[in-house]
Structures are given as C-alpha cells and as structure tokens.
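The numbering of the sequence shown is the numbering used here, which starts it at 3 and goes up by one.
No wet-lab data here; the hints were simulated from the structure. Heads up, some of the hints might be wrong.
What the hints assert, rightly or not - Now the in silico label distances, taken between C-beta atoms and shown as ranges:
id, residue 1, residue 2, range
1, Gln72, Glu170, 44 to 50 Å
2, His365, Ile51, 48 to 54 Å
3, Gly172, Arg79, 56 to 62 Å
4, Lys39, Lys65, 23 to 29 Å
5, His31, Arg288, 33 to 39 Å
6, Gln331, Gly172, 37 to 43 Å
7, Lys15, Asn216, 26 to 32 Å
8, Glu47, Leu202, 17 to 23 Å
9, Ala38, Asp88, 19 to 25 Å
10, Gln72, Lys39, 22 to 28 Å
Given the structure is predicted, the values throughout are model-derived calculations rather than measurements. Even glycine gets a Cβ: it sits at the ideal position worked out from N, Cα and C.
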Amino acid sequence: RTSTTWCFDHVIKDETYLSFQVIRGDFDHMLLKNAAKNGAEVREETSVIEADVTSVSDRVTVKSLDLNSQKALHRARFLVDASGRDAFIGAKNGWRKPREELDRTAIWSHWGGVKLRGGLEEGLSIIIYMGQEQKGWIWVFPLGEDRITAGFVAQNSYLRDQQRKLKESGSTDWKYDLCMQELMNSKFVRELLEGSSMVLPMMINGNYSYEVKNHFGSNYAMVGDARGFIDPIFSSGVFLSMKSAFLVAPAVDKQLTEGLNGGNEMLTTAYKQITGAYNFVHQMIRLFYNPHAVTWAQAGADGVAHKSAENAMAAGHYMLSGDFFENYQKYQAFFETLQDPKQFQRFQKFVIDRKDFVQPTCHGRWEDVFRDMVDRDRERNKALTAQLV
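Could you put together the complete structure from these sequences and hints?
Structure, rendered in structure tokens:
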C-alpha cells in the first residue's frame, strides 16, 4: 500500500498553512449575511429566470421570480455571474461545454456519530485512489468533531454499467447501493462508518466538469463555478471561486467608477491570471488520472524526506495550497518530475525509497481545526432549540 500525507506547514510557515472542510450551506449563509452587513441588498427565495448581457454593451437586464410567483425586472450597468454550477449566463447563451476527458460522476452523503481517526481527527482530508475500471477516487473529509462527508467519483461508463447490474439484481435504490458498494471496498472507510448514521440523503452530481467561454465582457463577468468547474479532487472549488472574485472585484470597480465601456485592461489582466490558474488545475487533475505517472499518493514527503527534494516538493505543497494563481507558470518543473521517468528515478531514490517517507499525521491540534466549528454548532443548536420552545 502506497500513501503519503501532504503537510503544508513544511513550507508554509504562517497561519495560511491550515485549511478547513465546511458544511457548504452553513458557509454560504455566513457569506450571505456578511454581504448584507456590508451593504448588499439581499433577496432570498428569489430566482433569476432571465439575464440579457448581449443586447446592449453598457447595460444588463435581469428578470427574477420570487416565492410568490411575482416577477420583477432589474436593470444595471454591470452583472457579475456568481451562480455557481448553474453557470447561468454561459448556459443561457450556449457558452457552456463539458470537459469530455473528465466525464465523471460523484455520489456522496454525510455521516454523523463517526469516531474520527486516521488523521481525520486533526483535520486531514483523505483521498483513496480507485483503479481498474472506476478510474476515480474516494474521499473522506471531516466536517465536525463527529461528522464526515464521504463519497466517490468514477467515470460515467462504469456508473452506467453498475447501475444496470444493480437494477437487474433487484436494487430499489441503485445510487445508495452503489455508493456503499464502493465505500465498503476500502477497509479504512468500512471501519470508520461502523456505528455511524447517514444524516443526508444520498446525493449525485453528474457530468460536472465543464468550461465556459466568453468569461467577461463590457457589461458582465463570470466568477467561480459560473466561469467553469473542474473535477474537485484537490478541494479547490471554494478557493478558485473566492480568488477569482477577489481578482475581478477591483476591475469591476474600475469599470463602474470610470464609466468604461470595454477596453478594461485591469479586467483583461485578471482573467488572464484566472484562466492560467484554472488551466493549471486542469493539468493537475489530468495528471492525477494518468496511469503512467507517479500518483499523488507517492509524491508527498514527510518533514525529513521533503528536504531531499526540496525544490520539487516545495512546489507541490505551494501548488496544492493555492499558490498557482500567482505562480502557475513556474510549477512546470514539478509536473516534469512526476511525468518524466528519468526525473522520477532521482525523486524515488531521494524521497520514496526512504524509510521515513510515510507519516500518518501532520501533528495538527484539535483546537486549531475544530474549536470554532464546534462552538458555532453549539450556538446554532441553542438557537434552534429556542425556536422550538
């Protein structure tokens, strides 16, 4: 069995070495409240049903529909599409195209009452390679002191074949049966889920990797998953979304304050950087699925072994931690290390063959990872209890 633990504090010496898995609904609600606090007009339980960004170059019109079936028309000088995987502008205008080479589907859920171990108790995210015909991976991520998300990603041809076999054998819930079948193939996951309970319905996300063209114009810009979505193997989605918004925001401000109608060099520069970062992540993911390259499970290193291949492994750590927006052009050497047989032989000699290569921990503290999360859960439960009384 080959495995490794990528510990970002080997090369990142400030508090940014630590990242968190979150319950997405709670996180999104936190962002929504913060936006309202800072002056945004928030309309909940309201859907956008139309958005015209092509008729006039310096204006946009948006039609919305609320919970009471009331329609409204909105006009503005600029529209930021942050609609997530709906990719509203791209889908409506026929600009959204699937990434055929990443033709995969995810099936997953959340489990509660889990006794965290194997690194989960210190906040580590666990990825398990699935070889053979699945050509995918299992994930197990901690979401609290006793809650995890777990699921798997596999190519669609495998899922279609398994769906057919399960239905023929009498399955009445093939998604549940298939997910449990794949998870139970891992001894670690099987033992982890013993005595736990599923706290969400089984979820499925299919054909989720796509690219959108025409990322911005004189009156609109796409950020986050509205601009494109890549296989989430490196848990990069929230970071890609927030970083792209961070880069686009000052360019939009310039557009509005200076009354520009096209020719915004700041916006062009922002999207050059964003596109470079997205393409780089795409290259990382293609490497992950490449059966002829060393796997990411082989490529990590512990604090001692890391020193023997410092340049390549420091690049890997910075890259996975999100440094690729600024330095995607510089990290090509790391890919060459993983793909070039001669380079890999040297890497194997100095890193993988060392006895101290595999370590199961990054020595993280429970308080650093879970304290704030547990406190928030406690306050939320108090509020819910008060509402029921």
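Structure-based check of all given hints:
1. Gln72 x Glu170: 44 to 50 Å: At 48 Å between Cβs, range holds.
2. His365 x Ile51: 48 to 54 Å: holds, 51 Å
3. Gly172 x Arg79: 56 to 62 Å: With a Cβ separation near 59 Å, Gly172 and Arg79 satisfy 56 to 62 Å, so the hint holds.
4. Lys39 x Lys65: 23 to 29 Å: At roughly 27 Å between Cβ atoms, Lys65 and Lys39 fall inside 23 to 29 Å, so the hint holds.
5. His31 x Arg288: 33 to 39 Å: Given a distance of about 34 Å, which is inside 33 to 39 Å, the answer is holds.
6. Gln331 x Gly172: 37 to 43 Å: violated, 54 Å
7. Lys15 x Asn216: 26 to 32 Å: violated, 41 Å
8. Glu47 x Leu202: 17 to 23 Å: holds, 22 Å
9. Ala38 x Asp88: 19 to 25 Å: With a Cβ separation near 22 Å, Ala38 and Asp88 satisfy 19 to 25 Å, so the hint holds.
10. Gln72 x Lys39: 22 to 28 Å: holds, 26 Å
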